[in-house]
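Protein chains in written order, with our numbering: chain G, 1 to 284; chain H, 1001 to 1305.
Some hints could be false.
As the list claims (entries may be wrong) - In silico lysine to aspartate or glutamate, DMTMM-like type, Cα no more than 25 Å apart, as pairs:
#: 1; chain 1: G; residue 1: Lys232; chain 2: G; residue 2: Glu248
#: 2; chain 1: H; residue 1: Lys1233; chain 2: G; residue 2: Asp73
#: 3; chain 1: H; residue 1: Lys1233; chain 2: G; residue 2: Glu112
These are computed hints drawn from the structure, not numbers from a lab.
So you can see what is in the structure, the chains are spelled out below.
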Amino acid sequence: MQLAFFGGIYNNHIALKTAIADAQQRGAERMFCLGDLGAFGPHPDRTCEIIREHKIEVVQGNYDHSIGHGLNDCQCGYTDPRDNHFAQLSYDYTLANTSDEHRAWLRTLPTEIRFEVDGFRFLLCHGSPRRTNEFLWESTTSTPFLNKLCDDFACDVILGTHTGLHWQRTWDAFPTCSNLTGTSEACPTITRSYINIGVLGRPENDGTTNVWYSMVRTGNDAGAGRSPLPWKVEFIPLAYDHNQLAREMRAEHLPDEFIETILTGWWTTCLEVLPSKERRRGQW
Amino acid sequence: MIANTEQLPIVELGSLDELWFQVAGTRCNLACTHCFISCSPHNNSFGFLSFDEVERRLLESVKWGVKEFYFTGGEPFLNPDMVSILERTLDFGPATVLTNGTVLKPEWLEQLQAAVQGSLYSLEFRVSIDGPTPELNDPIRGPRTFERALRGVELLVQHGFLPIITMTRVWDETEDDAVLGQFRNLLNDHGYDRPRLKVLPRLQLGAEATRTCGYSAADRVTAEMLVGYDTSKLVCQHSRVVTDRGVAVCPILIDSRDAILGQTLAEANRSFAITHGACATCYQFGAICTNPSSGSAFKPMTNDQ
């Protein structure tokens, strides 16, 4: 099975279209979006239309919840006044330009999707399984914490987005059989993973203009027998017509700071929420 | 999870996301006039934690799924084991150390930067400076502390760290923008071109109660105030702090008689009545002790606003 995962779209309908074609060409059998259709970019209705037209399975992000319910802000979870200022500009624009019909649809989206592959339980969420807008940064998320999420939410593989930066970690959990059989004998190792699938909405603060999505392959498509895991993740850098996106953003009078990010690949806003390891990789 | 028994504002430990270490006890080379636990060179009410004690707690923390570790005092870098404690912690998860920045040594920072390079995790330094001028800072933190702390910031930046400058709001809230702008310019002038800033509310405890005033009887959280309130904003809903006297409910209340909840993390996994004046500050501002990368709390709402 080949599964394509798209993270925060942030109204980047051009990257979304390009990603769908790319994923189909690579053989994707199912496509998922892990939420935050709006923000940052232009013409929010276009993203909703593309997602619905292609029957992409969607998890509700904090943005989708806010736009759907007409809340006052995006619930992104920023704490810095400048970050909140820019977040509010894109939120107000997205709310004003999303049709009532799409808003009603956004309200109906589930906060998680689950499925099983070869006995491994997958859980798809936006931020974390316990909180839609929780930031799981690579450098501030301990492995024992991820392991506890898997315990608490009865799953083996968690996929999320929300931070805008892709990463993954795989670890071996060592439960005792007391959990399973009432004895305290050591049990076989269980392999678990957390995968942040990245976002299509804006580049990854690395000075390149491409955005990212993820393909997960399972069973024979994962190279069964050769790989120790029954799944394999590939992070895919996606080039798209970012100049066209910038032109549309200018025409919609979106902030120059956002356009600069699309054209340079460096984040100019929402920086204060980054931990130091991730912050040091950027220019600002 | 809120229990309403006896009309006390009870908060359960939801999940142990942050484990704090009172690693320098109440010992500090400074004696700031607003310190909520009155730390000073002579305050020995809490002592240092040893490397072995911290390591034991780190091992104990694994099954609790702790997400991040924080180190405070007093001044953590008075503890002779501090560098090796931070190195070991980075094997378990991300670490943040709250320092006054005045005693840092280049060789420690070299060692710690090497540890960060070899770890999955971030090491954050939070340096306390209470205003963008010596005139604002020094009367509170002591003579020449402004200059010395800035030197500490320069050292950290030279060693590849991005310290978070943490300031207690000793000015009026309406002046925040001006003060933060002044701070950014100052730090730029000292070679820190992307300053990270965090403002903390004053906690009217300890020395601060003498400097200005303590909490009044009206500054209290009631059980009614917790109805419909997102308790994940409260530090005690997701943190505990290891001290040399046992595990306490939060880093702010360690001096309070009811703060020590047990000797192990398991014993400290019990509810707490947030009946202190400082609990009202935590209730009002939320997430005051954690880093900005933790974000703000959120619970989905179902009604239109």
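Structure-based check of all given hints:
1. G:Lys232 with G:Glu248: 36 Å, violated
2. H:Lys1233 with G:Asp73: At roughly 18 Å apart (the allowed maximum being 25 Å), G:Asp73 and H:Lys1233 satisfy the hint.
3. H:Lys1233 with G:Glu112: 23 Å, holds
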